[in-house]
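Construct the entire structure; sequences and hints are all you get.
Each residue of the sequence shown is one higher than the one before, starting from 1413 at the first, in the working numbering.
The set of hints was computed from the structure by calculation and includes no laboratory data.
Among the hints, erroneous ones may be present.
Pairs of lysine to any residue, SDA-like flavour, derived with a Cα cap of 20 Å [claimed, not checked]: (1) Lys1417 / Val1439; (2) Lys1474 / Cys1426; (3) Lys1495 / Leu1448; (4) Lys1491 / Pro1463; (5) Lys1473 / Gly1458; (6) Lys1470 / Ala1454; (7) Lys1432 / Met1420; (8) Lys1470 / Ile1485; (9) Lys1430 / Ala1469; (10) Lys1491 / Cys1462; (11) Lys1417 / Pro1431; (12) Lys1470 / Ser1480.
Since the structure is predicted, the reported quantities are computational estimates derived from the model, not experimental observations.
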Amino acid sequence: MKLSKVPMRRCIGCMESKPKRELIRVVASPEGEVRLDPTGKANGRGAYLCPDPECVAKARKKNAFARSLHTNINEEDMKLIEKEIGEMIPTSDQRTNR
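The following block contains the structure:
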């Protein structure tokens, strides 16, 4: 029996390669709109992040969103993306099922 290949993607914050399903995708649509892509299937250029607040902070500090998505991201859109990612990231209580 042949094992299927797991798609790997690199986090733009920590630069670690991880399975695609473990990462959060941010997409720049052809119209220039930048948003989260929870399905991983939206059209446009995508970038991946670990579900970790430190990776989000590193990516922002390195200007990795603009570089990876090949577009400029204004401050308002960046704050919205950070808020949405923060809502997707489980807190320590949720990770330990408390």
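Exercise for review: Compare the distance between the alpha carbons of lysine 1474 and cysteine 1426 with 20 Å, and conclude whether the hinted pair is satisfied.
Suggested key: Between lysine 1474 and cysteine 1426 the Cα gap is close to 10 Å, so the pair holds against 20 Å.
Review point. Are the Cα atoms of lysine 1432 and methionine 1420 separated by 20 Å or less?
Key: 5 Å, holds
Practice item. Please work out if lysine 1473 and glycine 1458 have their alpha carbons no farther apart than 20 Å. Key: 19 Å, holds
Practice item. Take a quick look at whether lysine 1491 and cysteine 1462 sit within 20 Å of each other, Cα to Cα. Key: 17 Å, holds
Review point. Within 20 Å, alpha carbon to alpha carbon, are lysine 1470 and serine 1480?
Key: 14 Å, holds
Check your understanding: Keeping to a limit of 20 Å between CA atoms, is the pair of lysine 1491 and proline 1463 held or broken?
Key -> 16 Å, holds
Exercise for review: Verify the proposed pairing of lysine 1495 with leucine 1448, using a straight-line Cα cut of 20 Å.
Suggested key: 11 Å, holds
Review point. Taken at face value, is the distance from the CA of proline 1431 to the CA of lysine 1417 at most 20 Å?
Key: 10 Å, holds
Review point. Does lysine 1417 pair with valine 1439 here, judged by a C-alpha cut-off of 20 Å?
Key: Violated. Lysine 1417 to valine 1439 sits at ~24 Å, over the 20 Å cutoff.
Point to revise | Satisfaction of hint between alanine 1454 and lysine 1470, Cα-Cα up to 20 Å | key: 24 Å, violated
Exercise for review: Measure nothing beyond the straight line between the CA atoms of lysine 1470 and isoleucine 1485; if it is 20 Å or shorter, mark the hint as holding.
Suggested key: With Cα atoms ~16 Å apart, lysine 1470 and isoleucine 1485 stay inside 20 Å; holds.
Point to revise | Restraint check for lysine 1430 with alanine 1469, where alpha carbons must lie at most 20 Å apart | key: 18 Å, holds
The structure is inconsistent with the numbered hints 1, 6, although it conforms to all the rest.
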